[in-house]
Structure formats: structure tokens, C-alpha cells
Amino acid sequence: MNLLDPQGPVAAANSTILVDSVFIMLAIVVPTIFAILAFAFWFRASNTKARYRPDFVYSGRVEMVVWAIPALTVILLGGVAWIGSHQLDPAAPVPGTGSPVRIQAVSLDWKWLFIYPDQRIATVNSLTVPAGAELNIQLTSSSVMNVFFIPQLGSMIYTMNGMVTKLNLRADNQGKLQGLSAHFSGDGFPDMMFDVNVVSPLAFPDWVTTTAKTDAVLNEDSYKKLMQQGIEKGRPTYRLEDPRLFDLIATQHIPPGPGPELVSDAGRPHSGGHDAR
Amino acid sequence: MPAVPTVEATMLGKLDWSAIPLDQPIPLAAGGVVLLVILGVLAWVVVKGHLPYLWHEWITSVDHKRIGVMYILLASVMLLRGGSDAIMMRIQQAIAYQSQGYLPPEHYNQIFSAHGTIMIFFVAMPFVIGLMNLVVPLQLGVRDVAFPTLNSVGFWLTATGALLVNLSLVIGEFARTGWLAFPPLSELSYSPGVGVDYYAWSLQISGVGTLVAGINLVTTVLKLRTKGMNYLRMPMFCWTTLASNLLIVAAFPILTATLAMLLLDRYLGFHFFTNEAGGNVMMFMNLIWAWGHPEVYILVLPAFGVYSEVVSTFSSKPLFGYRSMVLATMAICIISFMVWLHHFFTMGAGPDVNAIFGIASMIIAVPTGVKIYNWLFTMYGGRIRFATPMLWSVGFMVTFIIGGLTGVLVAVPPADFMLHNSMFLVAHFHNVIIGGVLFAAFAGFEYWFPKAFGFRLDERWGKVGFWFTFVGFWVTFMPLYIAGMLGMTRRMQHYDVAEWRPWMLVAAFGMLLLTIGVLAQVTQIVVSIRNREALRDRTGDPWDGRSLEWATSSPPPVFNFAFDPDVRGEDAYWALKHHAKQQQLEDHSGPEYQDIEMPKNSPTGFVCAFFATVMGFALIWHIWWMVILGGVGAFATFVVFAWRDHDEYVIPAAEVERIDRINIEERRNLVSLAGTL
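From first to last, the protein sequence lines are chains Z and F. Numbering (my numbering) for the first sequence: 1494 to 1770. Numbering (my numbering) for the second sequence: 31 to 707.
Source of the hints: derived by calculation from the structure; they are not laboratory data. This structure is a prediction, so every number in the text was calculated from the model and none was measured. A couple of the hints might just be wrong.
[Stated by the list, open to error] Looking from chain Z toward chain F, a few residues come up when the C-beta cut is under 7 angstroms (computed): (1) Ala-1505; (2) Asn-1507; (3) Phe-1527; (4) Ala-1531; (5) Phe-1532; (6) Ala-1533; (7) Phe-1536; (8) Leu-1565; (9) Ala-1574; (10) Val-1637; (11) Tyr-1651; (12) Gly-1655; (13) Val-1657; (14) Lys-1669; (15) Ile-1747.
Note that the Cβ used here is the ideal one computed from N, Cα and C, for glycine as well.
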């Protein structure tokens, strides 16, 4: 999941900006650290060769330089930030080959549901995408906040109940990647890791066809079962009954997922965490 | 038909035996040990007959120096608690690779929430407020703060908050939501237990304490300065105190309001931040960070003040670019209110908003960078003595600059899209809070300890403590930067990713070094107390200081100064000393000694906090009769205080003279000694 080993254009651009910014700053930080250590060492009280200048308390030139150095750095980085924010806005298009793939991601307690509305299929904790195609991802949450993040594909984004966020990505190379939730969401949070299978554009339709043959059906009822608190070790797949399921979730026509069952009225409730493992 | 509440429910609310975590050995044992220690100390105090002394001289004291010391004591004890949490977390992440580790999620999640809450609200805050209380009136050359009794109330309410957080160890549970308790996770539907209530009520009560402390210190700096102490002659620490407390006064009400809304959601079925009925979680994010970002500067500005004092004193030079530093301080104070959105660039706010807040955040780095350079040039041409406080300061400069670099980095939105909430971020804010605030707390502690207690701290153990903490910090947190670059996110109770493991092991080893560092500092205090006669500071000026706190004896008399000091420039005491050296003797043909009026001790703070504790506990457990009892009690305490007849007592001129003569005698020896050198 190395951020410096990007597998798509968004991650590549993000990590380039990250590395460039570090080097721009190191250019002044390293000499400054060196100067701190050098001054501290040379002007030690026991060094008789160092000149004691208790009256050196103001110098217009030094002042100008010390305000100018950080200011210039920030002007430079500010430009990077401005351009970067616009070019790499999570909702900005990421053109790719072939037709874009629409994916609707829903964070549940504590698993990820990926809906492919055009393919009429859905998967849990496993995201399969064709290499090179633009991925138009819409995201929401069934209950609490989470953050959708595939480190090697780039930008993360929050998922919130009753709201839809947008993220466009592209995976350039076939292979297996990992994604995770980057915002703490409760007891099952560490198990919200998901697989990302980047397959060839030719293999993707085959995968869709195979997946569509599955017996399990995702509709309002099975979704409501799925959104109960608990973790999912397997990688279930579903046929999607109603392609509008995501909209029903995002517009709260399906009410938010429930929290833990209260066993007693006392201060320490039993949480889903117990049932979960 | 609504159920009729039972007698138990009326009397005890939600409280019953299941609140005691008998099935969880770790918190129970920890709580048990703490309880034993507290009971042991109490028993020792009572048996030895120290109770009246403690009551009259400390608990009811309204002396800013005593209150400052109590703040720092509270912070130090809580540092041990928060540090224990940190040790447990590092061990958990070191072993929880492809396993559950030794802490189940419901416990681990409480630990990181408590760690953050405690370290910010009950370690960093009381530590800096304690230092400000102890030092600022002395530096301003005044006898007291503006509102002495309110000051005591502020301290005791902070202590109430700390007590409630620790009570959650053994009765009930603490929040499992992280230290900012984001909804909807912190709403009743997803956190039905009392954990979030413990969190919110502790912070509500201690937040009131912090607010009154802020009001008190702002007023003190603005209204109570000695003759000639105009704004541009104030020591840097007073400036940073002013800036920090202005931020407290402006920002803490936002925290109070935000938590009040969360509590209304939880207690009365409101919908400010719920999923249902139009609640908006993004509103909470905005509000909590509108407080949270200034909070960072509330902590770090006084830290910058400490470094300014220490670097200048131990370089034997005035602070370089004083006016520039004042400007930088006030610039940080203002800009820090305009950057809160950088905490959630990844919420999809849009490119313009992200870019503007990113650039605003970077702009803060400019005055901060200026400060670093000004300390650098303060050292230039100095005669630097590497006493422990100076070691902490140089260690800070080197460490903080890296934290600043990573801070500016995460202010670049595209970089933040990869680093938000990651271990990289965890490393960044520990880099600035440990390297900035905690190092300053330790530097200030070593530096002003002789002033507070009349003897210096052992240098040898101090240096051992510094080196272990300094190296320990780097070994613990540099691996977390790397783990963040490897995609590791924060708050993982367990993980299966092999490439993260080695860095968690290194970090755990670093934690061991940090622990040794803390133990060395505890040893330092014990050793110093035992050798206090040898370490005695008779002159009141152990470091060849520059500001007015060193012009009085160590510890200072309750009235601080027998005469109001007359300030003629920056570095007031330095000028005074050199004037005296030239004259060979201090001039005593000054005005006659006068009677001094000082505020009377008052139990208001303690009693009020007692009732606040009762009320907070009752609110957490829904014991409504007890809520009323606590509320009425706290209010009545204030009514009684408001109707007091006499609030001051007089120290007769003869007594002032007697105390001052002793100080002058010691000081004369110092001056004549200096003259012979």
C-alpha cells in the first residue's frame, strides 16, 4: 500500500506533489537545522574563540531575510496547493480508455458494499475494476462516517449518511490492491479492509457475467440484513434487483443502519463487536 | 402507557452493578491501583496531620503561584495516566498483527479516546495554564492576578473534569469514539453507553474552568502591569500568554456550544448532528475544528513564549527581533482562526475552498518560521549555557521544524488526500505537540522550578531525562511517518498488513525509551527534593535571569514584590542588576514599607468543584435528584461568595519589611560576589 508506488494517475499526481513539496521545504529546513546545531555548538559558553555580542538584538537585514524565506516558500507552495486542488479535486474527471465504470460505494457497519448499477451486480469488501477505464464512484454511508481510500489509486473521500460524495479514479495496471476505511467508525473498523482487483478490460465483462449468475440477490430486504453491525470475512457477491438501491440509501428512503443492541440499561452496552467475532 | 420508573431507577438512574467492569481485568486493576494510591496519600495526609496545612495553604489558596503549581501537579499526574494509555496502544499495535492482540476493540477504542482527551485537556492545557499562572504576574511585576478567586474556581473545575474521566475507568466506560467524538458515531444510536456522556460532561465542566482561567489571564495582562511595563516592554512569555488566552476566550465557547448540541441530541432527542430529521454531521466537523484549530495554538503559543525566555536567558542575550516576535505572535493568534477546514479537505468541499484554506494554513508557517529564525539569531553571538531547559529548547527547534514541514505538507490538499487520518498525521501532530508543547512544558518546569520552590532540580537526572525523551520521541514517531506513507490509517486495533509490522515494533521500542525518559524525570524530582539543601537557590536568580520574576526571592513571598518594580525598558531585571552592579550596592533609600492588602483565601473553588463533580456524575448516570442537588449547591456556593463582607487581609508594613530584608541580604551577597569576579 506504498503511497510512493502509485498504480493510477490520481495517486501518481498526488504523490508527485507530496514528494515535490517535501523537497521544496527540505531546501530551507536542512540548512536551518544545520545552522541551529552549528550556532548552538559554536556559541557555547566554554568556547573562548566565539565573540560575545550581547548587543546584537536587531538587524533590519536579518529581519527581512527571515520574513522573506518562509514567505517565498509559502508563495511557491501556495501555488502548488492552488493548482493541485483544482486539478486533483476528487470530483474532477479522470479520462480513461473505454467507457467509464459507474460504482456506488456504501460504507456499512463494518464492511464495504460496492454496487455496479449498470451491470446490475454488487459485491462486499471486494472491488473489481477494469484497468485503464475511468471509475466514477459515488459514495454514501449506511450509518456512521467512514473514508473510502485505496492508497495506491489516490485521493480518499468521506462517506456520510444522507449525503453523496463523488470520486473519480483510474487504475492503470492489472493486479491486486488493498483499500481501507480511513475514518474510525466503531468496533469493527479495522476489519473494513477491502480487496481491489484490477483486471484487464477484456476480463471485466467476463467477471460481470460470472458474478451476475450468483444466487444471492441484493434488494431492500437483504440490504437491511447486511447493514446490521458485524464484520464480514468472506467476499459475498449479489445480483442487484433494483438499480436505484443506492439512491434509496442515499436519500434515506431506507433508514440509517441501526447501532448496537442494548442488552441492559447500564453504562456498558454490549456492542456489535461481541457478535462480530 | 408509559412505564412507571422503579425506585432504583429514580434513585440511581442508569447506575447498577453491571457498571463495574468486573469482567475486564485491566481497567479494574488500573483503577484499583489508582484508588489505592489516592486513599494511601489521603490516609498519610490525615494521619500526619497535614490536612489543615493543605486546606489553608493550597486547596483554598487564591495565590496565583500556588494555583499554578497545582495546575502543573494535575498535569503531571495526568501525563502519567495518558502515558500509560500510550504504552498500552503501542504494545497493542506491536503485537496485533494478524491477531487480536491483548486488547479487545471495545477496550482499545476507549484507550485511544481517553489518551487524546487526557493529553490535550488534562495535560497540555493545565501545564501551560499552570506555567502562565505561576510566572506571568511575576513577570508583569504585580502582586496578583485580576480575579484570584475565579482563578481558583477555574483550577478546581479542571480538576473535576480530570476526576470524571478517570472515574470512567471503574464506573461505566469512557467514549469509544476518538478524542473529538464525531457524530453520528457519538450519537445515542451508535454509542448508547455512558462513555460519550463521561467525555462530554468532563469537557463541559473543565471547559468552563479553562474559560475563566482565560478571562482571568487576559485581564491580568491587559490591566495589571507595574509602573513602566508598557506593552512593548513585556517579556515574550506575557505576549504569548495574552495571545493564547485571547484565543481561549474566543474559542472555548464554541467547544461548549458544540458539546451542548451533542448533549441535547443525546439527552433530549434533538437532531443537530443525527442522521435523521435533518441533522448535519458536517456542521459538527466545522464547529469542533473551529475550536480545535485555535486550540492547537492556545497550546503552542505559550510554548513559544517559554522558549523565548529560555533561549534568551541561557544565551545571556536579549531576545533577537523582539518586535518581530510580537508581530509574529499576534499574526498567529489571528490567522489560527481562519484555517479550521484543513482538518477535512477530504470531505469533498470543492477545489476553491480547499485551496484557500490550504494556503491560509501555510501562511501560519511564515510567522512560525520567523520565530525559529529569531531564536537562532538570539543564540548567535551569545554565551550559551546548556542547562537542562536550554537542552529542551534546542531539542525543540530541531524537532519542531520537522513537524512544521510535515504540517505544511498536509496543508497541501492533494498531499492531504493521501495522508488524512493516516499514521503520518498521527506522527505529525505528536511531532508538534510533543516536540513543541511538551518539550516547552519540561523546559519551563526546569526553568521556573527554583522560582516556585526555592531549589534547583538535579541537572544530571534532568539531562538523562532529556536525552531519553528526545531520542525516544524520534524512535517512536519517525516509524509512524513511514507507516503512514505505507497507507496505514490511525486507530487500528489490529491489522493484517505485513509491511506495517516492523515499524510498529520500532515504535514500541521508542516508547520504551520515552518511558525511561519520564522515569528519569520522576527520579530527578525525588533526588532533587532529597538534596534540596545543596540545590537551594538563595538569591532568587539561579539562571542569571532577565525578567522580573527573578527580582524577587525564591519562592516569592505571597505579595511577590515589597515595592512595585519600576520598569525602564525591555529585560527589566537585567537592567536593574547591571545598574546595581555599577553602583556596587542596591539602593535602599527608597520609599517606606507600606501595608499590603492581599485577597483572602476562599474555599469557593473547591466547594463549587465538589458540587460540579456531583452534578456531572449525576448527569452522566441520569440521576436527576442528584443533578438538582449539585446544581443548587454550586450556585449557592457562588451566592455565598458574592455576599462576602471581607475579601482582603492586610500584611503589616513591618512584616513586609522583615521578609524583604532577608531577600535583600541574600541578594547583596550575590551582587558583591559578582562584583569580585
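Unsatisfied constraints (hint numbers, rising):
1, 3, 4, 8, 13, 14 and 15
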